[in-house]
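Peer 1: Assemble the whole structure, with the sequences as input and the hints as a guide.
My numbering numbers the first residue of the sequence shown as 24 and each following residue consecutively.
No lab work stands behind these hints: they were computed from the structure. Check the hints yourself; a few may be wrong.
For each label pair, taking beta carbons as the anchor points, the in silico distance ranges come out as [what the hints assert, rightly or not]: (1) Gln112 with Asn206: 37 to 45 Å; (2) Val81 with Thr200: 38 to 46 Å; (3) Thr200 with Ser106: 44 to 52 Å; (4) Leu96 with Asn145: 42 to 50 Å; (5) Ser201 with Leu96: 45 to 53 Å; (6) Thr178 with Ala75: 36 to 44 Å; (7) Thr178 with Gln112: 28 to 36 Å.
For each residue, glycine too, the CB sits at the ideal point set by N, CA and C.
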Amino acid sequence: MTIRRRLGRLIAVSAVALAALGASPAVAGAVSHVPIHHVPIRPPAPPQWICAGNAYPVNFVLTAHDPAGCSGLGRWYSQPATSGTWICQGSHYPTANFVLTAHSPSNCNGIGAWYMVVPTNNMWVCAGTALTGGHVTTAYQAGGCNGIGAWFMTTPSHGMWVCSASPLPPGWTTNQTSPSGCNGLGASRLV
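Peer 2: Structural data, given as structure tokens:
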């Protein structure tokens, strides 16, 4: 086989591989004249039950648990992460896009669940939730989120008192402290 023929086959295989990996028809077609409309394109993963211990797609969350599934190993229902969804305790979630605002210890067959929403300014979030978009916390409720604790999340402003545990967005610092702020957990004044 000549070098030209081998190179032609390599280019054809590359075009098919690019199409299978999701490259646009223009990109894959530019590599070769091989028609790519015959290459199947994979749709996004549908919501589905998965056996315990198996991986699930990024940006999916676990929303139900069946302890008897998968021959007694247990199984989880995975679905795309959307605002307004109860997710089972232990499920990962896209922390840059969502916060947890409520907790139910009985959901997911008694494992517990968190209520996941898109963050907005001036809202209560459960303790342990990663803050997004430069927010700070300004108040604390020990009984919030069904006894887990809750923080009030808002955007920072000059002179505002923030809880001592609050992350400080870039460009902000504090100049005073108050041990009684944030329900006795301590607070600092933003400057």
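Peer 1: Work down the list of hints and note, for each, if the structure agrees.
Peer 2: Going through the hints against the structure:
{"no.": "1", "hint": "Gln112 with Asn206: 37 to 45 Å", "in the structure": "violated, 25 Å"}
{"no.": "2", "hint": "Val81 with Thr200: 38 to 46 Å", "in the structure": "holds, 40 Å"}
{"no.": "3", "hint": "Thr200 with Ser106: 44 to 52 Å", "in the structure": "violated, 36 Å"}
{"no.": "4", "hint": "Leu96 with Asn145: 42 to 50 Å", "in the structure": "holds, 43 Å"}
{"no.": "5", "hint": "Ser201 with Leu96: 45 to 53 Å", "in the structure": "holds, 51 Å"}
{"no.": "6", "hint": "Thr178 with Ala75: 36 to 44 Å", "in the structure": "holds, 40 Å"}
{"no.": "7", "hint": "Thr178 with Gln112: 28 to 36 Å", "in the structure": "holds, 29 Å"}
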